[in-house]
Structure formats: C-alpha cells, structure tokens
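Protein chains in written order, with the working numbering: chain A, 348 to 461; chain B, 216 to 323.
The reader is advised that the hints may include incorrect statements.
Claimed, not checked - Pair ranges (Cβ atoms, derived):
1. A/D417 / B/G231: 43 to 51 Å
2. A/T360 / B/T233: 45 to 53 Å
3. A/A445 / B/E271: 19 to 27 Å
As the list claims (entries may be wrong) - Here are some chain A residues pointing at chain B (derived, C-beta under 7 Å):
4. Y357
5. G375
6. F389
7. F411
8. G446
9. F452
10. P454
These are computed hints drawn from the structure, not numbers from a lab.
Virtual Cβ for every residue (Gly too), placed ideally from N, Cα, C.
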Amino acid sequence: DTAVSQTPKYLVTQMGNDKSIKCEQNLGHDTMYWYKQDSKKFLKIMFSYNNKELIINETVPNRFSPKSPDKAHLNLHINSLELGDSAVYFCASSQDQAGFGEQFFGPGTRLTVL
Amino acid sequence: RKEVEQDPGPFNVPEGATVAFNCTYSNSASQSFFWYRQDCRKEPKLLMSVYSSGNEDGRFTAQLNRASQYISLLIRDSKLSDSATYLCVVNNFNKFYFGSGTKLNVKP
Numbered sequence: 348d349t350a351v352s353q354t355p356k357y358l359v360t361q362m363g364n365d366k367s368i369k370c371e372q373n374l375g376h377d378t379m380y381w382y383k384q385d386s387k388k389f390l391k392i393m394f395s396y397n398n399k400e401l402i403i404n405e406t407v408p409n410r411f412s413p414k415s416p417d418k419a420h421l422n423l424h425i426n427s428l429e430l431g432d433s434a435v436y437f438c439a440s441s442q443d444q445a446g447f448g449e450q451f452f453g454p455g456t457r458l459t460v461l
Numbered sequence: 216r217k218e219v220e221q222d223p224g225p226f227n228v229p230e231g232a233t234v235a236f237n238c239t240y241s242n243s244a245s246q247s248f249f250w251y252r253q254d255c256r257k258e259p260k261l262l263m264s265v266y267s268s269g270n271e272d273g274r275f276t277a278q279l280n281r282a283s284q285y286i287s288l289l290i291r292d293s294k295l296s297d298s299a300t301y302l303c304v305v306n307n308f309n310k311f312y313f314g315s316g317t318k319l320n321v322k323p
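This is chain A alone, in the form it adopts within the complex (with noise of 0.2 Å):
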C-alpha cells in the first residue's frame, strides 16, 4: 500500500494554464506539506496543513492555492502557470506537528511549462 500517493506523477503543460496535484496519505497522520524541489536540487516548504488548518504559507505566490478537504488529503492548485513553476513537486506528512518526526514523502510530480 502506497503510504503518500500524488497524482499526475507527469505534468506537461502550456503557460498560462490552470492545473492541480493531488495527495493522499493513509498513514493517519495530522499534518500535510507541499514542497518544490528546483533544477538545484534544493527542496523548499511552500505551505503546511494540520488537521485541514494552514499553518505555514512559505512567501509563495497566490496563483498557488492548497486545499485540504481532509486531513488525509492535501491538494495544489497552481492558476496562471509560469515558465519558473517547472519543477518537481513533493507532497509529505508527518504525524508530529512540531517537527521532531520523520516526514514521508510521496513519489513527487513533474511539472514542465512550457
């Protein structure tokens, strides 16, 4: 059983457009991340969510909107899709909000604008 899952794993898409990523875990833990890793390899936290709650909004544009209809669910909306959105995308959970536990990642999303 796949612990975090996200789809699309592939995204290829023109500027311009509006496009989603969906994530699910089945571990039953609280708190979801969104990350971007860039073609540096660094992986920067964009937003987290305890229990459905915003609790971190990393300085990312508002053309990106997360959702969390559950706490097992964690989705991203991206409007306007810009050439520098490219990247791979990593949602993850942990169950301790604080930080002291391990986060699980799920398989990543491609993105490519072009």
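Since chain A is already given, all that's left is putting chain B on it; use the hints.
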C-alpha cells in the same frame, strides 16, 4: 545566507571506504535535525534523526555540534547501494529547511 549549507560533492569513493559529510545551519534556535537520502528521480526518505549525544545506526553515525552549528554523517564500509544524495534537514519552529544535498558515488 542559506538556512542549511552542504558541500554538493560529488564524493566518489571505492566500496569499503569511510566517507563523512558535514552540514552547517544558520539558526542557533533550530530544534531538530535529520539526514534524509534521495535516490535519483525519487522522493527523499529518512535515513536517521540526529541527536545531541550522537547516534549510530549500523554503518551510519550522525553527530550534532550545537556550539558550532554543524551536523555530520559518517558512513563506514560504503556499499554500492549507498550511492545517492544525502540531504541535511533542520527544523525551526515547525518549518523544515533542507540542504541542497551531497551526492555520493560508491564505485566498485
């Protein structure tokens, strides 16, 4: 200044070698520390947490030096399967900061 800095490598070592990576962090109030491993085109996975007293897991030893704000990872008796990128991770008040990773290539 970046929150977490690592030597990107690559470190090219023969099987059986001992290799050490260091990582420095900028915020002295950082609360928890980890090493993650990321294989090519895969997601990061926890290798080990790092405790103030130092900790060991098989061939892997992690150390934390709060006074100098650095974290180290020592791998003994390297295996081909250790080839990967090793990410240093620091947590400040619920935010995780990742280093850009140190690439390790273990050669036969």
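Results of checking the hints against the structure:
| no. | hint | result |
| --- | --- | --- |
| 1 | A/D417 / B/G231: 43 to 51 Å | 49 Å, holds |
| 2 | A/T360 / B/T233: 45 to 53 Å | 46 Å, holds |
| 3 | A/A445 / B/E271: 19 to 27 Å | 25 Å, holds |
| 4 | Y357 | 11 Å, violated |
| 5 | G375 | 18 Å, violated |
| 6 | F389 | 5 Å, holds |
| 7 | F411 | 17 Å, violated |
| 8 | G446 | 4 Å, holds |
| 9 | F452 | 4 Å, holds |
| 10 | P454 | 6 Å, holds |
When the structure is compared with the earlier hints, violations turn up for hints 4, 5 and 7 and for no others.
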